[in-house]
Amino acid sequence: MSRWQANRRHAVRFNLNGKPCAGEAEPRMLLTDFLRHQIGMTGTHVGCEHGVCGACTVDIDGNPARACLTLAMQVDGSNVRTVESLAPTADRHGILQAAFKRNHALQCGFCTAGILMSLDGFLRKYPHADEQAIRNLLTGHLCRCTGYTPIVRAALEAAAETRDALSREKSDA
Amino acid sequence: MKPAVFDYVRAEHLDEALEVLANEGSDARIIAGGQSLMPMLNMRLAKPKTLIDIMRVSELARIERKAGTMTIGAAVRQAALLDWPGLDESLSLAALALPWTGHVQTRSRGTVCGSIAHADPSAELPLVLCALDGEVHLRSARRRRRVAARDFFTGMMATNRADDELIEAVSFAADQKRCAFREVARRHGDFAIVACAAVAKDDGVRLAVGGVADMPVALNLPRLEASALDDALNAFAYDLDARDDIHATARYRRDLVRMIGRDLVREVLQ
Amino acid sequence: MGYITTVLTPAERRKAGPKNGAQATATIAIDPVGSVMIHVASVPQGQGHRTVLSQVVADVLGLKPADIRVNTEIDTAKDAWSIASGNYASRFAPAVAGTARLAAERIAERLARVAASQLNTEIEDIAFAGGQVGSKRNPDNRLSFSRVAGLSHWSPAALPDGIGQTIRETVFWTPPELTAPDEEDHINSSLCHGFIFDFCGVEVDRATLQTRIDRYVTSHDCGTILHPAMVDGQIRGGFAQALGAALYEEYAYDRDGSFLTGTFADYLLPTTAEVPDPVIVHMQTPSPFTPLGAKGVGEGNCMSTPVCIANAVADALGAKDLELPLVPAKLAQLVRGAEPAPPASRAADRDQKRSRGLRGQGEAIVDAPAEQVWNMLLDPATLKAVIPGCHAAQKISDTHFRADVTLGIGPVKGRYRADVKLSDLDPPHAVTLAGSADGALGFGSGEGRITLGAIENGGSVIRYEYEAAIGGRVASIGGRLLDGAARVIIGQFFASLARQAGGGASDQTKASLVVRLRRWFGGRR
Chain A
80 MSRWQANRRH
90 AVRFNLNGKP
100 CAGEAEPRML
110 LTDFLRHQIG
120 MTGTHVGCEH
130 GVCGACTVDI
140 DGNPARACLT
150 LAMQVDGSNV
160 RTVESLAPTA
170 DRHGILQAAF
180 KRNHALQCGF
190 CTAGILMSLD
200 GFLRKYPHAD
210 EQAIRNLLTG
220 HLCRCTGYTP
230 IVRAALEAAA
240 ETRDALSREK
250 SDA
Chain B
60 MKPAVFDYVR
70 AEHLDEALEV
80 LANEGSDARI
90 IAGGQSLMPM
100 LNMRLAKPKT
110 LIDIMRVSEL
120 ARIERKAGTM
130 TIGAAVRQAA
140 LLDWPGLDES
150 LSLAALALPW
160 TGHVQTRSRG
170 TVCGSIAHAD
180 PSAELPLVLC
190 ALDGEVHLRS
200 ARRRRRVAAR
210 DFFTGMMATN
220 RADDELIEAV
230 SFAADQKRCA
240 FREVARRHGD
250 FAIVACAAVA
260 KDDGVRLAVG
270 GVADMPVALN
280 LPRLEASALD
290 DALNAFAYDL
300 DARDDIHATA
310 RYRRDLVRMI
320 GRDLVREVLQ
Chain C
3 MGYITTVLTP
13 AERRKAGPKN
23 GAQATATIAI
33 DPVGSVMIHV
43 ASVPQGQGHR
53 TVLSQVVADV
63 LGLKPADIRV
73 NTEIDTAKDA
83 WSIASGNYAS
93 RFAPAVAGTA
103 RLAAERIAER
113 LARVAASQLN
123 TEIEDIAFAG
133 GQVGSKRNPD
143 NRLSFSRVAG
153 LSHWSPAALP
163 DGIGQTIRET
173 VFWTPPELTA
183 PDEEDHINSS
193 LCHGFIFDFC
203 GVEVDRATLQ
213 TRIDRYVTSH
223 DCGTILHPAM
233 VDGQIRGGFA
243 QALGAALYEE
253 YAYDRDGSFL
263 TGTFADYLLP
273 TTAEVPDPVI
283 VHMQTPSPFT
293 PLGAKGVGEG
303 NCMSTPVCIA
313 NAVADALGAK
323 DLELPLVPAK
333 LAQLVRGAEP
343 APPASRAADR
353 DQKRSRGLRG
363 QGEAIVDAPA
373 EQVWNMLLDP
383 ATLKAVIPGC
393 HAAQKISDTH
403 FRADVTLGIG
413 PVKGRYRADV
423 KLSDLDPPHA
433 VTLAGSADGA
443 LGFGSGEGRI
453 TLGAIENGGS
463 VIRYEYEAAI
473 GGRVASIGGR
483 LLDGAARVII
493 GQFFASLARQ
503 AGGGASDQTK
513 ASLVVRLRRW
523 FGGRR
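The listed protein sequences correspond, in order, to chains A, B and C.
For what it's worth, my numbering labels the leading residue of the first sequence as 80, then goes sequentially.
For what it's worth, my numbering labels the leading residue of the second sequence as 60, then goes sequentially.
For what it's worth, my numbering labels the leading residue of the third sequence as 3, then goes sequentially.
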């Protein structure tokens, strides 16, 4: 059993986007604030801080999760992925991001990071997800700008593109 | 919108958590998935002095079916139960209710027992426990006990759990007869305005309703014909003491209990 | 600017001087290697302004949109701006983008004169295309745009007389049609009007009264469409927001002014499950009043969609007046007839007259005679033991007590200063208790009438009726749960009182007392 005292900072270590990450947090520090202020990764946004809007969604151990409802200390030893992991290099977009751009699936962009992370994890697990499944997944996100249809279109395009890429890999191998 | 200060305890074994609870009682709270507790902490509606994280206690992460009983440990996430291969045969009511519980993003972290401990009157998992008349396994440093669902919920967000106890697991009889579930909410994934669960019994139907009274309430109905069933559902609807709130009127809730109740009873008795 | 002065009287307007117009500004600048930058005093939040501005300027100068740098940051200490500057009132397309075009045209005119002189042809013969500036008659007679543009930096002496410079052009544009209000407070509130025509079909579920939009068609005339995807983006966003206003979103307040929808759990925004895909149709009737003929499109559906949906629902239900949002329970009130009566065996005074106020009643059976219970109610030491979460109770007078309490529902706990007054005393039979509590999480007040009666085995029955109000943060966050919270706390008080009168209890007794109290709160097990 370990006990970490209030009002003091403690070491937090986990894998962030495939690389070891270390920082310090009080027990009450939320993962959103840890990522943004301790690590400087501001791609994860803070919306409502009560788990409804979805802007803060990240991937923890392969599952979408609300970073605002997670304490930094809870992810010690876990694998966390954020939106910064989606671009293969600094000057290129990942498949989902490129599909979002093509389909005008973002305007102000505030909800986008969270939606991308929900979709990324979900499509990895369910590459054949249909529109119904994607819409159901996205009921966990609030967007004011796009009316959602362009987002769903982008997700379906990205899913198809990912399936094609995977089957080409398989046939190449 | 940030939590007040607290000590954070990470338990590796169950008795570690129990010791902290024994020493600190109501000043300490268990955190499992955190999907119900964290919003309260963020809004400072709850200010425990100590949080005890039980998610690394491996003995609490088990889903077991043994000798006709399904047992779900306190560290089992809702998504894990939904993905459990035998769920449709063993606990079909949970399979029906879980897709209505929050969203994919909250089920990935929130736990089955955590939702039951939180006892929100509009939540789906407490309703499932009530409909199946399951048992809550409570544990403290001084004793273990099992409380039937009908005795566990004592009021709005209030349960029989003592300050030094935690929920170790919940259990249900696994040989399920036919069951049905229906929920009406403003939007998909919202708290239920009315949620109904019906389970066929040897001699009739057990109908449970959530979202209306301060806690889920169940009614055992014999096989009844049309107008007798309507009368029974009408009496039940009034007994639930529905209230007006911003999302629905008392009358609307009663109407839904009558209509959905009738549909579900018919469905499971077919 | 004239529009905003309609809040003043004509006399006040005369005194202050007339206000009119709506100046937009744009600055185009060319650097020594011929790169083009456009700056506007309008900051976008995702509407695609930079994309559209790069197009508008590139079109005038024969360049590619990717060649144009767009700056939408404003520093009023350094940049051109006016009191009307900003991103609001759908003015980007009609005013701001139009002004950018004017700035590009003015600098293009001067560049054309420079090119004409360099290429030895007339201005009318000059065309900007493909990054070149050249003669239309003789396409080989041309120069690169950057060469022509750079001359003003590198060899201003080579420029024809009267050109000035071709490095920077700032344009202020205000339409003459936007005049001040007249003496009768008449004003043309908008320079141009986009037009919308919507129609939709809905289904209202007979059981739940929830509305499902089967098909929604929205047709727009926003003048010249500058960028089809951006325009559709504005329409889709406006439609979703308006659908929220029509069906889900409500700032709900309690009778005492407490805000009840303070979280996204209660203030409901539509999600992918609630927003259908509208069919979008366009017409283009360019405005004669704006440089590009564009009219703006962002606000349209916020005006049309709530009305269209409400009209459809009214048609479906045969209703005349509908209030937004179209909460299913409220729609049910319009169409449902009388409710089946409660069974005759139930107490007649149950629940029906409920408004948003918190009302309740109950009974508790106590193993003590009425006189003893009465004395307990008036004794601060007993009150301290009996009031839930009480740390200290103070007797101010025989009928006035103060207490510090910590109250909680589930994990939600807060500290409160409570004030309790007794009145209308009829010892030992009845008393009115009026209390108020104040704390960080909110405030509450209530009044209850307590009556004590003897029962057979020497005990008494305490009957109470109360009315309470709870407000503050707790109300806005937990509006849905307030009613139950009040009942729980009051129930705790009487449970404690019963326990105190019965002289201590084990868990067993506690449970059975609670069970007995629960019966009177209603609800079967």
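Keep in mind the hints are simulated off the structure, nothing from the lab.
A few of these clues could be false.
[Said to hold, decoys possible] Only pairs whose alpha carbons sit at most 30 Å apart, straight line, appear in this in silico BS3-like list of lysine-lysine:
| # | chain 1 | residue 1 | chain 2 | residue 2 |
| --- | --- | --- | --- | --- |
| 1 | C | Lys386 | C | Lys415 |
| 2 | C | Lys386 | B | Lys108 |
| 3 | C | Lys415 | C | Lys397 |
| 4 | B | Lys61 | C | Lys66 |
| 5 | B | Lys260 | B | Lys106 |
| 6 | B | Lys106 | C | Lys66 |
| 7 | C | Lys80 | C | Lys21 |
| 8 | C | Lys332 | A | Lys180 |
| 9 | B | Lys260 | B | Lys236 |
| 10 | A | Lys249 | A | Lys98 |
| 11 | A | Lys98 | B | Lys61 |
| 12 | A | Lys204 | A | Lys98 |
| 13 | B | Lys108 | C | Lys332 |
| 14 | A | Lys204 | A | Lys249 |
| 15 | B | Lys61 | B | Lys106 |
| 16 | C | Lys397 | C | Lys386 |
| 17 | B | Lys106 | C | Lys80 |
| 18 | A | Lys180 | A | Lys204 |
| 19 | A | Lys180 | A | Lys98 |
| 20 | C | Lys322 | C | Lys332 |
| 21 | B | Lys61 | B | Lys125 |
All figures in this text were calculated on a predicted structure; none of them were measured in a lab.
Starting from A:Lys180, check that the Cα of A:Lys204 is at most 30 Å away, please. 23 Å, holds
Can the restraint linking C:Lys80 and C:Lys21 be considered satisfied, given a maximum Cα separation of 30 Å? Judged against 30 Å, a Cα distance of about 25 Å means the pair holds.
Between the alpha carbons of B:Lys61 and C:Lys66, is the straight-line distance 30 Å or under? Answer violated: B:Lys61 to C:Lys66 is near 48 Å, above 30 Å.
Is the straight-line distance between the alpha-carbon of A:Lys204 and that of A:Lys98 30 Å or less? Holds: A:Lys204 and A:Lys98 sit about 22 Å apart, inside 30 Å.
Restraint check for A:Lys180 with A:Lys98, where alpha carbons must lie at most 30 Å apart: Answer holds: A:Lys180 to A:Lys98 is near 27 Å, not above 30 Å.
Is the Cα-Cα distance between C:Lys415 and C:Lys397 30 Å or less? Holds. C:Lys415 to C:Lys397 sits at ~25 Å (cutoff 30 Å).
Does the alpha-carbon distance linking B:Lys108 and C:Lys332 stay inside the 30 Å limit? 43 Å, violated
A:Lys249 paired with A:Lys98 [C-alpha distance capped at 30 Å]: 27 Å, holds
Is the straight-line distance between the alpha-carbon of B:Lys61 and that of B:Lys106 30 Å or less? The hint holds at about 11 Å.
Between the alpha carbons of B:Lys61 and B:Lys125, is the straight-line distance 30 Å or under? 43 Å, violated
Is the hinted pair C:Lys332 and A:Lys180 satisfied, with a Cα-Cα distance of at most 30 Å? It is violated: about 41 Å lies between the C-alpha atoms, which goes past 30 Å.
Is it true that the CA of A:Lys98 sits at most 30 Å from the CA of B:Lys61? Holds: A:Lys98 and B:Lys61 sit about 28 Å apart, inside 30 Å.
Taken one by one, the earlier hints fail for this structure at numbers 4, 5, 6, 8, 13, 17, 21, listed in ascending order.
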